[in-house]
Amino acid sequence: MPQLPAVINGPAPLSWYLILSAVLFALGVAGFLFRRNIITVFMSIELMLNAVNLSFIAFSYKLGRNDGHIFSFFVMVVAAAEAAVGLAIILTVFKNRQTLEIDEVSSLKN
Amino acid sequence: MPASFFPASAEYLRILPEILLTLFGVAIMFFEAVLSEARKRIFAPLAAAGLGAALVGSIVAYGSPGAAFHGMIIVDGFATFFRVLVVAAGLLAVFASAEYLWRENHPGGEFYALILFSVAGQSIMASANELIVIFIGLEISSIASYILAGYLRDDPRNNEAALKYFLLGSFATAFLLYGVAWIYGLTGSTNLEAIRLALSAGGAPPLLLTGAAAALMFVGFGFKISAAPFQIWAPDVYQGAPAPVSGFLSVGPKAAAFAILIRTFETAFGPIAHDWQPLMWVCALATMIVGNFAAIQQSNIKRMLAYSSIAHAGYVLIAVTAASQTGAAAAMFYLAAYAFTNFGAFAVVTHVARKGERYVKIDDFAGLARRQPGMAAMLAIFLLSLIGVPLTGGFFGKFYIFKAALDSNLVWLTVLGLLNSAVAAYYYLRVLVVMYMKDPDGAAESLPSAGPALKLAVYGSAIVTLLLGILPGFVLDFANRAALR
Amino acid sequence: MNFLILSLIKAAVVAFVLMTTLAYLQWIERKVIAHIQLRVGPRRVGPHGLLQPLADVIKLLTKEDILPSHVNKVFYFLAPFIAVFFALIAISVIPFGTEISVGPVHTAMQLTDLNIGVLFILGLSGMGVYGVALAGWASNNKYALLGGLRSSAQMISYELPMALAIAAPLLMLNTLSFRQLVDAQSGYYLGFIPRWTIFQGPVPQVVSFILFCIAVFAETNRVPFDLPEAENELVAGFHTEYSSMKFAAFFMAEYANMVTVSCVATLLFLGGWQPLWPAQYGSSFLPTATFLVGAALCFYHGFHPARSFDRITLPVAGVVFLGIAAVFLIPPVSAVLLPLFWFAAKVGFILFVYIWVRGTLPRFRYDQLMRFAWTFMFPVAVANLFITGLVVALT
Amino acid sequence: MTLLDAVLFLPLIGFAALLLIPKQFSRAAALIISLLIFIVSLGLIGPYWFANPSGYVFTTDAVWINSPPIRYHVGLDGLSLWLVLLTTLLTPISVAVSWKYIDHRVKEFYAFLILLEFGLIGVFVALDLFLFYVFWEICLVPMYFLIGIWGHERRIYAAVKFFLYTMAGSVLMLAAIIYLYNRAGSFDYVAILSQIETGRLTFTPRAEMLLFLAFFISFAIKVPLFPLHTWLPDAHVEAPTAGSVMLASVMLKMGAYGLLRYCLPLFPDAARSSAPWVAALAITGIIYGALVALVQPNMKKLVAYSSVSHLGFVVLGIFSFTQQGLDGAVYQMLNHGISTGALFMLVGYLYERRHSLEIAAYGGVATPAPNLSIIFLITTLASIGLPSLNNFVGEYLVLQGTAMEHFTWTAFAAIGVILSACYMLWLYQRAFFGKASDGVTHHIYDLTGREWAAIVPLIALMVWMGTFTQSFLPPISAQNARILDTTHRLKTERVQILAPEAIRAR
Amino acid sequence: MDSILFLIFAAISVVCGVNLVLQKHPISSALSLVGVMGSLAVLYLLLGGEFIAMAQLIVYAGAIMVLFIFVIMLQNAGGETRGKKRLWASYAGAPMIAAIIGIGAYLIQHAVPHTAEVTFGAFQHGNPFDIGTSLFENYVLPFEITSILILIAIVGAIVLARKEIE
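Protein chains in written order, with the working numbering: chain A, 1 to 110; chain B, 1001 to 1485; chain C, 2001 to 2395; chain D, 3001 to 3506; chain E, 4001 to 4166.
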């Protein structure tokens, strides 16, 4: 790692990172709630997971241990598995209904 | 390579059930690839054997209790109880689906492999002692469940169930994770015991934040146990998924989710129990009310059972609200009784629904008592148990829960819960009425008699339901001894 | 600001060399293919067509930039940039030689030495798919879309065996920094067998080298894996709708990727700038010898009466070669240039194989291609990794 | 293993046996089983025949569940003795009256009937609160099916209503039981009672009142007490004859029994302080039931409302807190069981013939069926409370006991007696006298041998109980005295905690 | 410099995040998400997470998002139409989200000590060696059971998406 000269090393408060994480998480929630395209909804979930990862890494920095990195690694793996299955499910839905509008996928209920 | 790099053999013993389940799952996938179509009947027995082995494995694992893998999991009575429970649920699911899959022209090893993997995930959840393991276990169980819910991929109902289950489930998981992140940040650990220590120590992090983190985690758990207001997925999923899968979903993942809920909230968040109790109180009440009052209006039996399972989650939440050892024991017993009862009900529904699940209206059960008195009697037992009539497991479950609640001075919650259970009687009775007091619809095609495996599942569930109602002592004593703290 | 200036200078040098290489790689390819096919290849522009790349560039720059009316404009413009951006940025972690000192400045022949260089490359190669996929999609053309889909599917599929193939030598060398990787391959068995990864014990990584080579052929959409651009099936694949500079960008990205992966293969498996045999057996004289031979050939052909065309160019080239050969004999300069020579030689060899393969092998069918990835490459890569891991763990 | 255990579990065994026996034998098997149970149960009188033991006899106390300590604790005392016998007697009779009446799903019918017997006996002998609750709920299920499957047109509505009313009440009782357990550390009735008596377990007035209410509402629904009675007419009208008989004769007694067994001794203060209110409801029920019965065009409904009225007497007697009142109440429970049971049977006989329950469809029945008319008349008179027939004794005792404490109550309650004469006699007049219509003459025939056999024991009992009161009353009185003793003593001396010796000294 | 870098990439990620929510076409959303991931990777680097930053690029941006884009392209569905049902969201949504974010930010600002600052290079345990050591010692069990998860994902994708073979 090349080291930058100390002069231009201005630290950023840790809470900024956490706030950024919260903002992204909230955006993800908003996307989940307000969007109607199934894939976009799913991507909003991924955004939430990313926000969580940022929190993990930031906390890891604060605690000076790398557990948080491990956790976000697991989160990534899980997200990958989730994406594989989720997109497969979305494909089956699309195959049977020809639509990705979440409101139109509602044949159940009475 | 240092010798300490490899965990001790006792530690492997402690995850024996998971190892066995995974091995059998992989074996099934292997045979799926190499066997001819004609030989595919062996999958169900193979899966059953795997689950049986896991059952034995859990008991063997209980022979050497303790934490393993750096405290990631812990094998204790509590874990063993839930392990046995989820494995039994898997076993029932295998029995109930063998015939179903042939009926729907979808025989295949994947189904059983997924059940085994899902059970493995639940088993991990049962014994997890660390938030990350909880999370991964939860995901293993959930992702397998998503697939199972949409297993008949040409059926739009299945697709929809899988989609909703998946989207809302992942959404909830994100909340859970965010909560975990904050707990990690605040307490510096994800080990439940360590969190407990951190929260009870002098310099505990601000309650507002721990509370917020706990609430975030509860959102995640709440989704999995279908607690109000996070229950919205359950009716659609249970209605849309294949009937045996619905049965499995309403039992296995739910029990495991409760296991981690109880373990997390009573171990890790035990020191702040007084602060989360009011929230849990409201949630329990809302869950019961939503479940029961929505169930009354249903005409589809799967949907009705879905709402009923929401209501039952509400009852268990009462026990969780009690935040005591008796509460935990009551929840354990209730979940055991509920598991067999509810699965049995779904198994009968599986049978009556017939090919393509065309007969899932409550009215389709008309005259079942005449056509197949045995099945009708079993369903009657299950429904009575769900109502909470004595000599069934459901009764003792409710009894212990309300007892635990009163122990913790939750008088009003108890009374409201009891009134709720009286309301619930109404919609269960409707099914009984239709079965026993209405004549079969002439238009309905004849109902073939059930195959041996399904019968085994139904009658087995009924026997356990009755056993838990007549001689609850054994299970209850174990639960009492095993309950946390 | 020392660091920044130095970085800028290095970046400029690398960029210039890379661009030139890319341009002439194209020329070399056409020449080699032509010779394989018993043609002569380009020779109109400049001697032996040496100015052909320049002409091509001018042509592409001045061509009309067609913007089809039905495309999604934002992504249509974005796609080539993405492709070329990730292709070029990858070169920044590739070391070309040992550390050098010019006056007071001591630096590595590398833009930056990340201790996760290998991962960086993997990450970027994953990002490269976007350019292709987006181009296919944004063109709003079914051939382009199919081409885009095919090539992204192919790239994803082959990325897996590629990553697994990379993992095996990493297990042995125990680092992710390219520089340290090369250092870990220094030395010789029995005094003359180089400890390159493909020869190094306990598990010589021949299998993973082969797997890596196959996978990168697919990663870069080269023959025999150039299905996405199969002219007879899909017109020109994802870049059907692209013309002029935007087309050039894709072109450049492809060649840049070829160079990058060749460098990676060299660094990972072929010992980077480590010479083939020890200096005490005269390996440091090999460049001089090579260029001398080259010069001799040039002179021979230049003065050959049958080659009236090359009467001037070949002798000039010969003189240049002689000069280079001389340069390699100057001790302080040769210390810098020797590693560069070895590195360039190995990369050049791999690039030559690329072209060679293109000239000789037919194209796969699409299903064959995917099946090959999942049923052959993947299991073999896993097995190789497993064996390597086991052996490494046991020794 | 005592005789009582045998009486309790024989029905359960019988239930299982009935399920296994082939369909065509189920009638005979049910009769044999129920008769056998009755004969065995007669042995229960033994101790009371030879002596008048105080406390419980035939007790069995075994562990059922370890934790919480739920015990299988059963025993018999003067209060439960006759109720058990009433149950075992009426079951074979019910089997007999259903012989022809039930023509489909016969096996299930008898199975449920026998299962009902099991639950009922259990309710009357349980000495563990939890066990009591279990039996209490078990009764619900077979009755629900009896009404719902073999009832008349609106059977499903009636069955569900019945179930839900009872269920709603009993869940409150469950809460109270659990609360009691949490305070007392035991479900054992005897243990809890002794704790209360010795003052080791005390409640705040508010808690006691809430507990009392929880039990009381559950019992009051079952009795049924006035505003909670609405399920009863529906259930009675829609139930098959045997169901009506069991429901009216035995199941309603569960409520009254519960009041006597649990509400009074366990929560004496609350019971006493609420007595005026309860009495007011009981009197309202007496008069209301009678008035509504008066205008009923439907025979069964008439009898049902008369039950509301009669049971009002029972509750009134219980809450008079006098020896006579309590004795009368218990006696009236038995009387009502026999006379109303007989009435329902007779109405059922009529229905089997004419297939109508409307009074208007009858008239002049006396002509084609003189024997039936006579039996009906005797039963009617017994129900009215003619001296020397059973009801007289009960009503008299209740009124006397009430009068000793609250004369106004008596005055109002007496109106009910008069009204009962009105509606019963008017019913008799309309149904049996006058000119027989074609429908009546064509369909009505006289009693058959089986019908005779079923009704005669009840008629005999009416006379016996009306004349030889002392054959029945001593065990009841003794038990009632104990209950009263408890409540009185606690009322007066609750202020200081008594040592157990002091209690025994009394 | 650290804070400047943070602000630049935070701004990129937030803008991309907002874009993800606002864009009508899934592909635009997907690319916005890639943008978020890329800038987050840089932030991870600032926090000392070298390995995780690369994993972010490889796994998230390079694999997961490619899968998304792939599926979007396969289905070739158009942008979503404006639904009447969600009209309330367009009015109430933004203020609501803003309020939640505000509260969250306030909480966080007060929860984390102001002295905690992020200096590039201060955190040294994010390199592959340390991560690997943790992963294979403390976290070996989660790591192993993750394999079940991946197996499930493979099986599931096959079960759900494979073509019916006649």
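No wet-lab data here; the hints were simulated from the structure.
Each hint should be verified, as a subset may be incorrect.
What the hints assert, rightly or not - Interface residues of chain B toward chain D, partial, derived using beta-carbon atoms under 10 Å:
1. Y1012
2. L1013
3. I1387
4. L1432
5. K1455
6. L1456
Said to hold, decoys possible - Only pairs whose alpha carbons sit at most 30 Å apart, straight line, appear in this in silico DSS-like list of lysine-lysine:
7. D:K3435 with D:K3161
8. B:K1438 with B:K1455
9. B:K1361 with D:K3100
10. D:K3023 with D:K3435
11. D:K3435 with B:K1438
12. D:K3023 with B:K1040
13. B:K1361 with B:K1455
14. D:K3107 with B:K1455
15. B:K1040 with B:K1455
16. D:K3107 with D:K3161
17. B:K1438 with D:K3023
18. D:K3301 with D:K3161
19. D:K3161 with B:K1361
20. E:K4024 with C:K2073
21. C:K2010 with C:K2073
22. C:K2063 with A:K95
23. D:K3161 with D:K3100
24. D:K3107 with D:K3435
25. B:K1355 with B:K1438
26. C:K2142 with E:K4024
27. B:K1040 with A:K95
28. B:K1040 with D:K3301
29. B:K1361 with D:K3435
30. B:K1455 with A:K95
31. C:K2142 with A:K95
32. C:K2063 with C:K2073
33. B:K1040 with B:K1438
Note that the coordinates shown come from a computational prediction; the quantities given were computed from them, not determined experimentally.
Every residue, glycine too, gets a C-beta built ideally from N, C-alpha and C.
Against the structure, the hints:
Hint status for B:Y1012 relative to chain D: violated, with the closest Cβ pair at about 35 Å, above 10 Å. With a least beta-carbon distance of about 30 Å to chain D, the hint placing B:L1013 at the interface is violated under the 10 Å criterion. Hint status for B:I1387: holds, given a least beta-carbon distance of 8 Å to chain D, under 10 Å. Because the smallest distance between the Cβ of B:L1432 and any Cβ of chain D comes to about 8 Å, under 10 Å, the interface hint for this residue holds.
For B:K1455, the suggested interface contact is broken, since its CB lies about 18 Å from the closest CB of chain D, more than 10 Å. Annotation: B:L1456 was flagged as interfacial toward chain D, and the flag is violated, the nearest CB pair being 21 Å apart, outside 10 Å. Only pairs whose Cα atoms come within 30 Å are accepted, and D:K3435 paired with D:K3161 is rejected, the gap being roughly 39 Å. A threshold of 30 Å between alpha carbons decides the hint, and for B:K1438 with B:K1455 the separation of about 24 Å falls inside it, so the pair holds.
This hinted pair does not check out: B:K1361 and D:K3100 have alpha carbons roughly 36 Å apart, beyond 30 Å. Restraint check: the Cα-Cα separation between D:K3023 and D:K3435 comes to about 43 Å, which exceeds 30 Å; the hinted pair is violated. Proposed proximity of D:K3435 and B:K1438 is contradicted: the alpha carbons are some 40 Å apart, above 30 Å. Taking the CA atoms of D:K3023 and B:K1040, the gap is near 42 Å; set against the 30 Å cutoff, the hint is violated.
For the hint linking B:K1361 to B:K1455, the alpha-carbon distance of about 21 Å falls within 30 Å, and the restraint holds. Among the hinted pairs, D:K3107 with B:K1455 is consistent with the structure: their alpha-carbon atoms are about 23 Å apart, no more than 30 Å. Distance hint between B:K1040 and B:K1455 is fulfilled; the C-alpha atoms sit about 21 Å from each other, no more than 30 Å. Taken as a hint, the D:K3107 and D:K3161 pair is honoured in the structure, with Cα atoms around 25 Å apart against an allowance of 30 Å.
Distance restraint check for B:K1438 and D:K3023: the Cα-Cα separation of roughly 21 Å lies within the 30 Å cut-off, and the hinted pair is therefore satisfied. A C-alpha spacing of about 16 Å is found between D:K3301 and D:K3161, which places the hinted pair at or below 30 Å, so the restraint holds. Taking the CA atoms of D:K3161 and B:K1361, the gap is about 23 Å. The hint holds against a cut of 30 Å. Taking the CA atoms of E:K4024 and C:K2073, the gap is about 15 Å. The hint holds against a cut of 30 Å.
Note on C:K2010 and C:K2073: the hinted pairing is violated, with a Cα-Cα distance of about 35 Å set against a maximum of 30 Å. A threshold of 30 Å between alpha carbons decides the hint, and for C:K2063 with A:K95 the separation of about 43 Å lies outside it, so the pair is violated. Simply put, D:K3161 and D:K3100 have alpha-carbon atoms about 27 Å apart, close enough for the 30 Å limit, and the pair holds. At most 30 Å may separate the alpha-carbon atoms for a hinted pair to count; D:K3107 and D:K3435 exceed this at roughly 41 Å.
At most 30 Å may separate the alpha-carbon atoms for a hinted pair to count; B:K1355 and B:K1438 meet this at roughly 23 Å. Between the alpha carbons of C:K2142 and E:K4024 the distance comes to roughly 22 Å, so the proposed pair stays at or under 30 Å and holds. At most 30 Å may separate the alpha-carbon atoms for a hinted pair to count; B:K1040 and A:K95 meet this at roughly 28 Å. Note on B:K1040 and D:K3301: the hinted pairing is violated, with a Cα-Cα distance of about 63 Å set against a maximum of 30 Å.
Between B:K1361 and D:K3435 the CA atoms are separated by roughly 53 Å; this puts the pair beyond 30 Å, and the hint is violated. With a CA separation close to 36 Å, the supplied pair B:K1455 and A:K95 exceeds the 30 Å bound. Among the hinted pairs, C:K2142 with A:K95 is consistent with the structure: their alpha-carbon atoms are about 19 Å apart, no more than 30 Å. Straight-line distance between C-alpha atoms of C:K2063 and C:K2073 comes to about 19 Å, which keeps the hinted pair within the 30 Å bound.
With a C-alpha separation of about 40 Å, the suggested pairing of B:K1040 with B:K1438 is violated against the 30 Å cut-off.
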